[in-house]
Amino acid sequence: MDTDNIITIIYEKRLDGEINQQVLKDPEYKEAERDSVIKLEKLLKTRLTKKQRHHLDQFDSSKNNLAVEYGRIAYFQGMKDGFQLSQILSGNQETQTNH
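Under our numbering, the first residue of the sequence shown carries the number 105, and numbering increases by one thereafter.
Hints are computed from structural coordinates only; laboratory data are not their basis.
All of these numbers come straight from a predicted model, not from anything done at the bench.
One or more hints might be untrue.
[To be verified] List time: in silico BS3-like cross-link candidates among lysine-lysine, alpha-carbon distance up to 25 Å:
| id | residue 1 | residue 2 |
| --- | --- | --- |
| 1 | Lys143 | Lys154 |
| 2 | Lys167 | Lys154 |
| 3 | Lys143 | Lys155 |
| 4 | Lys184 | Lys117 |
| 5 | Lys146 | Lys134 |
| 6 | Lys117 | Lys146 |
| 7 | Lys143 | Lys117 |
| 8 | Lys129 | Lys143 |
| 9 | Lys117 | Lys129 |
| 10 | Lys129 | Lys167 |
| 11 | Lys167 | Lys155 |
| 12 | Lys134 | Lys155 |
| 13 | Lys149 | Lys167 |
| 14 | Lys167 | Lys134 |
| 15 | Lys154 | Lys134 |
[To be verified] Between beta-carbon pairs, the in silico distance windows are:
| id | residue 1 | residue 2 | range |
| --- | --- | --- | --- |
| 16 | Ser166 | Arg138 | 19 to 25 Å |
| 17 | Leu144 | Asp108 | 35 to 41 Å |
| 18 | Ser166 | Gly186 | 38 to 44 Å |
| 19 | Val127 | Lys149 | 26 to 32 Å |
| 20 | Asp164 | Ile123 | 21 to 27 Å |
| 21 | Ile192 | Leu148 | 49 to 55 Å |
| 22 | Ile110 | Glu137 | 31 to 37 Å |
Glycine residues also receive a C-beta, built at the ideal position from the N, C-alpha and C atoms.
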């Protein structure tokens, strides 16, 4: 099994378990979530038309998806970097990378 497959397996297990639990406990995440709720409540009090709300919802969903994809890529890259660093420190891999 190659390194990327091992990292992918670990990544998927962590993302579906421990990370979700940590997010729920993180004070900065909780604050950002509260801020989001407050801003949504203010937005809902505005007099947007149904069509405007629909467009805004589509935009918000698109931005959320973009943030999710960025986080996924950054997390996976961090795992790869950590694994590579571990290999280098244990003397199992040369210090040159293929990035």
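May I ask which of the numbered hints given earlier this structure violates, with the numbers listed in increasing order? 6, 7, 12, 15, 18
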